[in-house]
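S.K.: Two independent chains are provided; combine them into the complex using the hints.
Each chain, written out:
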Amino acid sequence: MMEWEVVIGLETHTQLKTNTKIFSGASTTYGAEPNTQACEVSIALPGVLPVLNKEAVECAIKFGLAIEAEIAPRSVFARKNYFYPDLPKGYQISQFELPVVGKGKLTIQVPASKNTEAYEKVINITRAHLEEDAGKSVHGAVEGMSGIDLNRAGTPLLEIVTEPDIRSAAEAVAYAKKLHELVQWIGICDGNMQEGSFRCDVNVSVRPKDTEILGTRREIKNLNSFKFMQQAIEYEAQWQIDTLEDGGKIQQATVLFNPDTGETKAMRSKEEANDYRYFPDPDLLPLEVTEADKARVQANMPELPQALQAKFMIEYQLSSYDANALTASKSLADYFVSTVQAGAEAKPAANWILGALSAKLNAEDKTVLQSPVSARLLAALLERVRDNTISNNAAKQVFEALWAGEGEVDAIIEAKGLKQESDTGAIEAIIDEVLATNPAMVEEFKAGKEKAFNALVGQCMKASKGKANPAQVNEILKKKLNS
Amino acid sequence: MINQSLKQYSQMLANKEISSVELTQTFLNRIAKHNPSINAYIALDEAKTIAQAKAADNKIASGKAQALTGIPFAQKDIFCANGWKTTCGSKMLANFTAPYDAHVINQFDAVGAVNLGKTNMDEFAMGSSNETSYFGGVKNPWDFDRVPGGSSGGSAAAVAARLCAAATGTDTGGSIRQPASLCGFTGLKPTYGLVSRYGMIAFASSLDQAGPMAKSAEDCALMMNVMAGFDERDSTSLNHPKEDYTRSLEKMIGEQPLKGLRIGLPKEYFAEGLDAGVAKVVQDAIAQYKKLGATIVDISLPNTQLSIPVYYVLAPAEASSNLSRYDGVRYGHRAAEYDDLMDMYIKSRAEGFGAEVKRRILIGTYVLSAGYYDAYYLKAQQIRRLIAQDFTQAFKQCDVIMGPTAPSTAFKAGEKADDPVAMYLQDVYTIATNLAGLPGMSIPAGFSNGLPVGLQIMGNYFDEARMLDVAHAYQQVTDWHLAMPKGIE
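Chains A and B are the protein sequences, given in the same order. Mapped onto this note's numbering, the consecutive letters of the first sequence carry residue numbers 21 to 503. Mapped onto this note's numbering, the consecutive letters of the second sequence carry residue numbers 90 to 578.
Think of the hints as simulated: they come from the structure by calculation, not from any bench. Misleading hints may appear alongside valid ones.
[Unchecked claim] Restricting the straight-line Cα-Cα distance to at most 25 Å, the calculated cross-link-like pairs of lysine-lysine (PhoX-like) are:
1) B:K436 with A:K156
2) A:K100 with B:K122
3) B:K575 with B:K122
4) B:K369 with B:K356
5) A:K386 with A:K37
6) A:K198 with A:K386
7) A:K499 with A:K436
8) B:K436 with B:K180
9) B:K148 with B:K122
10) A:K100 with B:K447
11) A:K123 with A:K100
12) B:K356 with A:K100
[Said to hold, decoys possible] In silico negatives: residues of chain B with every beta carbon more than 10 Å from chain A:
13) A121
14) A187
15) A291
16) S410
17) S413
18) S537
19) Q565
[Claimed, not checked] These stretches of chain B come out as covered by chain A in the derived footprint (C-beta under 8 Å, 3 or more residues):
20) 177 to 185
21) 199 to 206
22) 454 to 463
From the three backbone atoms N, C-alpha and C, an ideal C-beta is built for every residue, glycine too.
For reference, chain B alone in the conformation it holds in the complex (with noise of 0.2 Å):
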């Protein structure tokens, strides 16, 4: 009842085998049973889901059911949802109930899927491990000891554990490809602009992309299916045509299904830095993809070193102006007592922002401060260009590029909360397709050490679908994303 796929959870809906709100209760039991030492949701509320779950079952009786009807989401406590504690994981948010709903909160209600709350996160989606998050570290499932990544940390472990049918997540730097990686489960990050922006709460404007979190590519396309498309809300959301990312899935069976296909194998992501035993586990994955009929490239991607302390100038510089709302004023946490205007701002901000925010807050009006914006902030956009750039020229050689998610697995709570940067190259791999804007997955690929390893593919702009087959193809003949961790059951 936990490990199945969504179609399977369609079917057995359909088929009346089990009801919405006995499939959802099931999920609501296992929170209440793991969470409190899991930590992975920050918001429940047990009437809402529940309602949303007799809706579905109605909307099921009724002969109207779409393909993720009366499935229960876990969603990343970013996406504003109307009536929802919505916190971003920061003491600034933490009385705020959100009086809208995010277009992504919107998507999951039209087809009627079911909310069962909201999930931890690094605050503002600032970290790599969710030990930002004003309200405590999540579990890794697979290592209590260890941590689920981030930012998408909550909605990571939630998936692994299995205390949702799937999860939503967003990715800046690869808050949902790392975590992906270190809790063994297949997660998308799409094209920049496929999925709207509106009511998720910004971190860094024009790298963040929200999400699928699943067990399989196949899940993650059905949920692609309900996520994507143009929102006029959004100025930044791509006006491209309605797709069916589960439309050549099937094809992925036999002898060879990816036959003809190129991978390009970035010797940069291969190099210094990386894990002894990820390495291993992703070389025996790009030999399984050979077997699949998949020919091997060797490509260089020659910025990816400068994509770090490129993304460490953007991203907080636009973070330092997106947060900049969080004033103490209109809505949020405001300092109980204060002199002044300008005294009630220092402390209310004070008071409401983690270290990492504020660390980042400053690093980003640094960078845009008169005199050195030039040096800092444009420098850095025009390496950001040359960053698309070798994406453009290596998709000239190859069709799907593969590597690594990240560096290393699970690394134990507080190993690298004191070392900022040692936590920024945990992105090493993930922020250059951030920057260039181009969608990335990670899929489970084995173990090293007992602990999950997830492989990289980043594919060319719009090309989802044929990453998600790439992916399914390889589920197909692995049993990586099956794997559950010992305990949870």
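So here's chain A without its partners, still in its complex pose (with noise of 0.2 Å):
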């Protein structure tokens, strides 16, 4: 049987998140009454004109830089012509042959999975370009009638296109999950995808394993969420893999992505055949972006995940695997930076942000800038373990008090009376008459059995009620059963 390999770009619509629109001073607030944030320029009254967003262009610069890509220092603006009721000019403003974003690249981390181990991959970007977003017809607000709201007419965004570099749908998965943690590192979009403030169309093909002909691609639109994209590439490139198979063709089509069925269909022909009549638009200049233009942002630019994570591993001594999976996001990245400032260790630190915290976040679907225990309250919390005031186990009761906002850590420990027992004398009281009422175990000691060792000193941790230090009972009764 023939192997198949399948072969993945990806465009992904990014909204900038500028205060107004790309080219009027029309606000970008998501979810207002339909048409209040369209002004003459969003709703293309005769005679308006586009002026372009500086804010919109220092997103795009800040992309590119964080990408490592050529920024053009002169890119064009171009109108793409066709007819749809939710676009008001009957054409769209964007960039064709000019981009201001040129070539660049991203590093991904795809995961382990069944048949394989996690690895890394750079992902080549071809463009960023920028462009208007169009409005949104609304179907049955009015009985039997299709509306249209303006409001995201306008709606800077940048599209971001990959070289079809990527192979399968968990790279592809693992793609869009980079780019949108950068894109939210950088500052440039909300991340939002329920909103629609990060869509991706993938165009999905497929060739003979070892093969250089690309296959006949469909485009899946409008994907807004990493669960649908993963179903929707596994489908698409097992129906064209199939298709194949049986002696038939891939026709080039747009294919929408039905989370219900999980199945991909296309688009009817009519709605794709397109000619965009692409020309510069002579209402706007060509945009140019300097040096200077360039160092500006630069200087306002967020250290990098990469930039930080090479640096966690340094300065704090980090496996690769928590330094990446601690620049996340920027959030976490920042709680960490403050928990450690606060005076935690790295190593514990990052355990615990990474452990218990992410899995209380998780479970509550919340992100960290959410957290009820602050990095503060956190790094408090480690203090009392590293200097024995409390033990692990107990340090897990603290962090649940906290997280439901019963107060300070010093408090707490008080309050539930989970201070450790560091005082030799008393600890050597009770491991006597652990010995006393154990003699049994004490033999078995005794005849070589390791295990008893261990049956002993937890006997000593239940007869503290959990308060002794772990060590100390260790090393003292290590010593009276060798004496």
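M.R.: This is the structure we're talking about:
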């Protein structure tokens, strides 16, 4: 049987986090009453003209710098002409031949699966260009009629296009997730996929393994969840392979994914038979980006995830795994740095953040910014573990209490009586008691059964109601048994 | 009262010889009398107009009068004016009332000028005779059987018939200058980008430019002082320092005020296709300029013959896209009945646009189509640069270029209506300056068989002040610009 290779390229529309639209002063706030954020430019009245929003350009430059791309000193806005009710001018202002951001790259981490280990891969970015979003058709708001809401019309988008470098649904999702993190990290997109701030079109083709020529691609439009992306690509790729193996041919097409059936289906060919008649928009001058512009944006760039990851590994001696996990989002990295700056040791801080804290956040579907346990509180908790005031187990109880908002660390330890017993005399007394009441275990240990030692430690801890310092118990018990 | 200069009106208003309301009413009365036959105005709103005149009188009374305060102007119906019907001469916008002001309207309002009404025009400024207007043709006040030129035909007839103190126009391929020539007045198309296009309904964005249409160069200079200026709402607006275009007009007196001026005469503008009567008038005007001290230089603009084909690729290309917004969805004409979305688009646009507009949308769509773009649109852009270079070369040899504005005098209504190419040739001498972005003007230079003939003056970028001086010098020793058609007193 023939082996197939799946070839994937992504086009991602990221809505830029600007206050106003890309070519007018209308607000971009999501969720307003229909057409309340549609100025004369948004509704394309006769005679209106576009004026480029500098904030949107800065977002594009930021992205270009973040993916180490060439930023065009001169790029050109073009008109993409087609008729649609939610496209008020009858054309979309976009960039065609000369985009603002040229070739760049993004390194992705593909997680381990049943058959493969985790690996890293560089995805080449072809280009990223600025364009305006369309409005929305609203069906059914008025009985039997379709309405148009132009609030979104003119919202700035950065369309990011990859080379066909991606070879699996897992890689596509890893890329999309990485990109999703990055655009939020550098503060150009709110990343809200439900509200459509981050939408992916995925081009999928298949070809016999170890061949060069690309197969005919079909484009899956408008995927707005990673789960759907995974499902859609897997279905689409298998459909193409099946079609070819059955002797069929793939027709270039735009397809939509139906989450209910898990299937992709081609749109009517009429909807895609468009000649967009691109030409440079005579209402806008070419966009010029100088070295000074780039330097100014660079000066305001946050440290990028790759750089921070390296810093975490060198400065804090974290493993590559931990460093990568802690730089999954800027807020998580900031939280880690704040915890360390509040006095916590790096390794335990990383363990707690990636362990208990992350689990809790996931369980309650919260971001780290919404964590009831602040970095300062976590650092205070870790300090009490470090100075042996409480045991690791007790710390977990304190963490739960902190999460529930029960107050400061020391007060909780006090209130719950979790303070560890570190008084040698008191611990000795407990051990003597345990040894006296468990002669059988002592015998077993002396007969060479190591397990018996652990059992005795357990008895001591139980007798101390968990408050004895386990290290001390170990030490003293060992001494007494060997004497 | 109807043939005064803007400066004279200003003085009369300042001296309280007349109020703005009286002056405005004088023109409104003339409009009421003559417009039914001439059809220069397509929107009038006497209440609004008189309210502006009253406000102007208050402004004058409080000592805050500016150059054009209280003077009534006609506005081409291509400019959006808040609360005014703004149709662009099209059925498509016959029901459209603008909810905002164009920059040009803002500028006139800011100095307290009065808006008399909106003037007729070729549909979406596409035409050279005003015959493509949905609201009917406009009569040339010099001969009612003839066209006033276009596309600013309504403004042209209003100025010529003294139905306003002066008017605004727009010029994409000659739409200010050719009507100025055919109706016998002074019209200026400024350097591209000098007057903001904000609120001016787009025909071909890279060529459209607004300018003054008035009796004299001095009037045009005063209007330019109001109209020109940087506007951040138009990305192609040029951040050129404010100028006083009247600053050196008064030096244009005495013996040989133009001594040292080099006038270039492009041989291509005096070749085949030029009416002999028009050529004679233009030659006489050149002779007058020699008397004023200018020297004549023979020049060549070798790509002149390419300007019409280039224009009729580029202008329709831009227009086909600019006019896509008229889809019946949000405003403007929508077919009464339709089956589905596509049917609504097709019927609304088929009903809303006239034949010439459709022709240009079709041409424009064709030249931008996949497979044709390089051969037409890109090639035309390349030639456009060559045409601009012709002028760059020419201005090394001369200061201004002169020639005929239009190849003939006003032609009869209907004469060219069925022959688009003959109509397009009306702009053979004016289109090149639009393609190059250069300023051009037309001034009355005499008559041929009783019809006015315009002399065209072209200048280098931002050289409007010099062009106005050159025109003014001529108007100090001639009175063609003061001639009025018979029957309109």
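S.K.: Each hint needs a verdict: does it hold in this structure or not?
M.R.: We went through each hint and held it up to the structure:
The hinted pair formed by K436 of chain B and K156 of chain A meets the criterion: a straight-line CA distance of about 23 Å does not exceed 25 Å. Proximity of K100 of chain A to K122 of chain B is assessed by CA-CA distance (about 49 Å); at most 25 Å being required, the pair is judged violated. Under the criterion of a C-alpha separation no larger than 25 Å, the hint pairing K575 of chain B with K122 of chain B is consistent with the structure, at around 15 Å. Among the hinted pairs, K369 of chain B with K356 of chain B is consistent with the structure: their alpha-carbon atoms are about 15 Å apart, no more than 25 Å.
A C-alpha spacing of about 21 Å is found between K386 of chain A and K37 of chain A, which places the hinted pair at or below 25 Å, so the restraint holds. A hinted pair counts as satisfied when its Cα atoms are at most 25 Å apart, and K198 of chain A with K386 of chain A qualifies at roughly 19 Å. A threshold of 25 Å between alpha carbons decides the hint, and for K499 of chain A with K436 of chain A the separation of about 31 Å lies outside it, so the pair is violated. Restraint check for K436 of chain B and K180 of chain B: satisfied, since their Cα atoms lie roughly 13 Å apart, inside the 25 Å limit.
The hinted pair formed by K148 of chain B and K122 of chain B fails the criterion: a straight-line CA distance of about 29 Å is larger than 25 Å. As the CA atoms of K100 of chain A and K447 of chain B are separated by approximately 20 Å, the hinted pair is consistent with the 25 Å bound. Simply put, K123 of chain A and K100 of chain A have alpha-carbon atoms about 22 Å apart, close enough for the 25 Å limit, and the pair holds. The hinted pair formed by K356 of chain B and K100 of chain A fails the criterion: a straight-line CA distance of about 42 Å is larger than 25 Å.
Residue placement check: A121 of chain B keeps its beta carbon more than 10 Å from all beta carbons of chain A (closest about 29 Å). The beta carbon of A187 of chain B is not kept farther than 10 Å from every beta carbon of chain A, the shortest such distance being approximately 8 Å. A cut-off of 10 Å between C-beta atoms contradicts the statement that A291 of chain B is not in contact with chain A; the least separation is 7 Å. A beta-carbon of chain A is positioned within 10 Å of the beta-carbon of S410 of chain B; the least distance is around 5 Å.
In this structure S413 of chain B is not separated from chain A by more than 10 Å, as the shortest Cβ-Cβ distance comes to only about 2 Å. With a cut of 10 Å on Cβ distances, S537 of chain B stays outside the contact zone with chain A, its closest approach being about 37 Å. Listed as a non-interface residue, Q565 of chain B keeps its Cβ farther than 10 Å from every Cβ of chain A; the least gap is roughly 38 Å. Under a criterion of three residues with beta carbons nearer than 8 Å to beta carbons of chain A, the stated coverage of the segment 177 to 185 of chain B is upheld, 3 such residues being counted.
Residue count for the segment 199 to 206 of chain B with a Cβ under 8 Å from a Cβ of chain A: 0. That is fewer than the three needed, and the coverage hint is violated. Counting residues of the segment 454 to 463 of chain B whose C-beta lies closer than 8 Å to any C-beta of chain A gives 5; at least three are required, and the coverage claim holds.
Violated hints, listed in ascending order, are 2, 7, 9, 12, 14, 15, 16, 17 and 21; each of the other numbered hints is respected by the structure.
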